[in-house]
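Read off the chains here:
Number of protein chains: 2
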Amino acid sequence: AIRYLSKRRQERVRLIGDTLCQEGFDLVLLQEVWSEQDYSDLKVKLASCYPFSHYFRSGVIGSGLCVFSRFPILDTLLYQYSLNGYPYMLQHGDWFCGKSVGLPGSRAGVTAPLLSLSLQLHAEYCRDKDAYLPHRLVQAWELAQFIRHTSKAADVVLLGGDLNMHPEDVGIRLLRGWTGLRDAFAEATHFEGCKNGCTLVPDNCFTDKSELLPFPLGIRIDYILYKAISSFTVKCEELKTTTGPAPGMAIPFSDHEAVMATLHIQRQGQPAGATLGTADPALADVVTEARTEVGVGLRAAQQQRYSSGRMAVLALLLLLLQAAAALGTLAGLGTEQPFPKLSFCLLAFLALGVLVLATGLHLFHTMEVKMLHSTEDQMWMVLRALQERP
Amino acid sequence: AIRYLSKRRQERVRLIGDTLCQEGFDLVLLQEVWSEQDYSDLKVKLASCYPFSHYFRSGVIGSGLCVFSRFPILDTLLYQYSLNGYPYMLQHGDWFCGKSVGLPGSRAGVTAPLLSLSLQLHAEYCRDKDAYLPHRLVQAWELAQFIRHTSKAADVVLLGGDLNMHPEDVGIRLLRGWTGLRDAFAEATHFEGCKNGCTLVPDNCFTDKSELLPFPLGIRIDYILYKAISSFTVKCEELKTTTGPAPGMAIPFSDHEAVMATLHIQRQGQPAGATLGTADPALADVVTEARTEVGVGLRAAQQQRYSSGRMAVLALLLLLLQAAAALGTLAGLGTEQPFPKLSFCLLAFLALGVLVLATGLHLFHTMEVKMLHSTEDQMWMVLRALQERP
Numbered sequence: 132a133i134r135y136l137s138k139r140r141q142e143r144v145r146l147i148g149d150t151l152c153q154e155g156f157d158l159v160l161l162q163e164v165w166s167e168q169d170y171s172d173l174k175v176k177l178a179s180c181y182p183f184s185h186y187f188r189s190g191v192i193g194s195g196l197c198v199f200s201r202f203p204i205l206d207t208l209l210y211q212y213s214l215n216g217y218p219y220m221l222q223h224g225d226w227f228c229g230k231s232v233g234l235p236g237s238r239a240g241v242t243a244p245l246l247s248l249s250l251q252l253h254a255e256y257c258r259d260k261d262a263y264l265p266h267r268l269v270q271a272w273e274l275a276q277f278i279r280h281t282s283k284a285a286d287v288v289l290l291g292g293d294l295n296m297h298p299e300d301v302g303i304r305l306l307r308g309w310t311g312l313r314d315a316f317a318e319a320t321h322f323e324g325c326k327n328g329c330t331l332v333p334d335n336c337f338t339d340k341s342e343l344l345p346f347p348l349g350i351r352i353d354y355i356l357y358k359a360i361s362s363f364t365v366k367c368e369e370l371k372t373t374t375g376p377a378p379g380m381a382i383p384f385s386d387h388e389a390v391m392a393t394l395h396i397q398r399q400g401q402p403a404g405a406t407l408g409t410a411d412p413a414l415a416d417v418v419t420e421a422r423t424e425v426g427v428g429l430r431a432a433q434q435q436r437y438s439s440g441r442m443a444v445l446a447l448l449l450l451l452l453q454a455a456a457a458l459g460t461l462a463g464l465g466t467e468q469p470f471p472k473l474s475f476c477l478l479a480f481l482a483l484g485v486l487v488l489a490t491g492l493h494l495f496h497t498m499e500v501k502m503l504h505s506t507e508d509q510m511w512m513v514l515r516a517l518q519e520r521p
Numbered sequence: 132a133i134r135y136l137s138k139r140r141q142e143r144v145r146l147i148g149d150t151l152c153q154e155g156f157d158l159v160l161l162q163e164v165w166s167e168q169d170y171s172d173l174k175v176k177l178a179s180c181y182p183f184s185h186y187f188r189s190g191v192i193g194s195g196l197c198v199f200s201r202f203p204i205l206d207t208l209l210y211q212y213s214l215n216g217y218p219y220m221l222q223h224g225d226w227f228c229g230k231s232v233g234l235p236g237s238r239a240g241v242t243a244p245l246l247s248l249s250l251q252l253h254a255e256y257c258r259d260k261d262a263y264l265p266h267r268l269v270q271a272w273e274l275a276q277f278i279r280h281t282s283k284a285a286d287v288v289l290l291g292g293d294l295n296m297h298p299e300d301v302g303i304r305l306l307r308g309w310t311g312l313r314d315a316f317a318e319a320t321h322f323e324g325c326k327n328g329c330t331l332v333p334d335n336c337f338t339d340k341s342e343l344l345p346f347p348l349g350i351r352i353d354y355i356l357y358k359a360i361s362s363f364t365v366k367c368e369e370l371k372t373t374t375g376p377a378p379g380m381a382i383p384f385s386d387h388e389a390v391m392a393t394l395h396i397q398r399q400g401q402p403a404g405a406t407l408g409t410a411d412p413a414l415a416d417v418v419t420e421a422r423t424e425v426g427v428g429l430r431a432a433q434q435q436r437y438s439s440g441r442m443a444v445l446a447l448l449l450l451l452l453q454a455a456a457a458l459g460t461l462a463g464l465g466t467e468q469p470f471p472k473l474s475f476c477l478l479a480f481l482a483l484g485v486l487v488l489a490t491g492l493h494l495f496h497t498m499e500v501k502m503l504h505s506t507e508d509q510m511w512m513v514l515r516a517l518q519e520r521p
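Each protein sequence line maps, in turn, to chains U and X.
Letter by letter, the first sequence follows residues 132 to 521 of the working numbering.
Letter by letter, the second sequence follows residues 132 to 521 of the working numbering.
Same shape as in the complex, but just chain U (with noise of 0.2 Å):
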């Protein structure tokens, strides 16, 4: 829902809001919410059946991110990840959104501490030639290891949202594998909608049929994962998409089908034990392959920062070489003017545009480089440790 650009925004939020207050959920982690007059809209709204909300600021435009619960939520928290793609990709608008993922703690009845995250990762825009892969390899390890330390003394674990990730992809493996996240639609007991549990689907008329193509049934990119920590059981019940358009409307809520689980969540009588420690054999396998493919994404940034400090270099080799002529020129040096000083002038101009550019370009890669060496070790630090173990 981006203000101006989005098509029947005002309707499709207007639609949701009718639809969350009919259905009466207990928690609704909403996504792309861009505008935060559309929150308070909704806030205004599902005031009496949601009567506890929060929405997350980041990032230039926003997280997009807003929670609404029926239950009191005790305690929000905002983990931006480190990387988020490039500021210069006008076209692909993820860095000015500042993804990331929120964190509202509620307690939901009386006793269950539940700890819910709303979440969304970097978009993959051209699936043959992802660029962004690492980056989403970086927030997929920053996301498990935010999970892995801000759960411990939660109840239940729930997360939801657009991973931007098919259901085989590396991140989500390596996300499952390394926090022990169940996925509801594996899991249900009942499912009812879209094929597969697809939520980008071709019938969607908001939807780009061409990214598509190779997709014909759609792709699955928005989950709803759990794990209970202490003695707790979780079980999904039931799982449910929205099927295209909206019941009694022409248009669907949104570009993504809307996933809905229904989790039926039990006191046991003895702690489950340390259910953090996944002792999967293929986890190694998993981390191996997603530091490999940071490990590719480590090495295109250092060639982007060499290449913008050449550049940068270059041009102020330039701006001091114009600068040593003109001031050979006032010195009476040269008698006549060598160059026209129109051209002169437009040369110097550009020689401080590259100048300035490549200097920022240089230093948005030298820290893109540092994080990406950064999740590099940390991988190889927890493969260490699972060599070690038994």
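Hints in this document: simulated from the structure, not taken from any laboratory.
Careful, some of the hints might be misleading.
List time: in silico SDA-like cross-link candidates among lysine to any residue, alpha-carbon distance up to 20 Å [said to hold, decoys possible]:
hint : chain 1 : residue 1 : chain 2 : residue 2
1    : X       : 283       : U       : 205
2    : X       : 472       : U       : 481
3    : U       : 472       : X       : 511
4    : U       : 472       : X       : 481
5    : U       : 138       : U       : 337
6    : U       : 371       : U       : 150
7    : U       : 472       : X       : 480
8    : X       : 174       : U       : 511
9    : U       : 174       : U       : 152
10   : U       : 472       : X       : 472
11   : U       : 174       : X       : 511
12   : U       : 472       : X       : 477
13   : U       : 366       : U       : 395
14   : X       : 472       : U       : 475
15   : U       : 138       : U       : 340
Quick caveat: nothing in here was measured; it's all calculated off a predicted structure.
Dock chain X against chain U, hints included.
Using the frame of chain U, we list chain X on its own:
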């Protein structure tokens, strides 16, 4: 320790390495190790006495944070503060460092998972007119939230670093009040070192004397804070600071005095209960005070966002006007060249430069406004919760 800039850097790094080897601490948290080469040198030197270490990479330059430990480091997580000064304040390099809090979880002895945090907050450059106070408060708040969310499964939380705040400052009171962390200096049974525990003292040959004129004894800005979470108790038996030159040398280790604490960690019979809920009635006042300061920063940021936006619009208008004039001339509306070509071009480049810079500033201040606003909101949520509690 900034490469090429800091005085007698390599000598001091060598000295620090030697002393750490001799003293044989359990855990060492270092700040402002800006050069990764220095970290690598230290790592090699300390391999026998501190087999485990980690360097936290972030920002353009790095976080400067590193950890050396006698016990295995199980996991690490880096949280970058969402606000950290301004990229255009080149002389105050904070923005480029990506100030952050590093969390190495380690296991000391057999049972106690220890959460130690190494960190540095934004520097205070002018106490009377402290433009960075709102940023530092946002950092203190984010730090407190980060500790609350990550510490729940730890037995002991240990925080060490340069907080860049005086002991009675609102940021420190906020951090301590909201997390329940205790100040090792206040709790220590035995103290030895600079008077009042000061770590930035005028006697140190690397400090800026003029900055310390209002504080003849110095300032205490480096802290060791701690708390026990579960069935443990922590007591600070001894606190020491270094006092001036390293033993047998003419120079001190650094511009700040080092802080060393001997902590006695003991397992209790029964769990101490939820020590996170701090029922301090003064807490609401501290949060209110901090929220007021954040509000002041918010209004300043909004003003700057508005000014830069207006500047960008003006530059754009000038460019459009020039384009119209140029097109008019080309179309032959004016038969003669009305402006000298050179100044016309210069003006256009100037306008373009201003447009780019002002747009960048506008985006940056938009992010700043979002983060300050979000912190203000979170503080309000906490205040409401505090007031509802009996």
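Now the hints, each set against the structure:
no.	hint	result
1	X:283 with U:205	15 Å, holds
2	X:472 with U:481	17 Å, holds
3	U:472 with X:511	60 Å, violated
4	U:472 with X:481	17 Å, holds
5	U:138 with U:337	8 Å, holds
6	U:371 with U:150	15 Å, holds
7	U:472 with X:480	15 Å, holds
8	X:174 with U:511	17 Å, holds
9	U:174 with U:152	11 Å, holds
10	U:472 with X:472	10 Å, holds
11	U:174 with X:511	17 Å, holds
12	U:472 with X:477	11 Å, holds
13	U:366 with U:395	5 Å, holds
14	X:472 with U:475	13 Å, holds
15	U:138 with U:340	16 Å, holds
Of the numbered hints given earlier, the model fails hint 3 alone.
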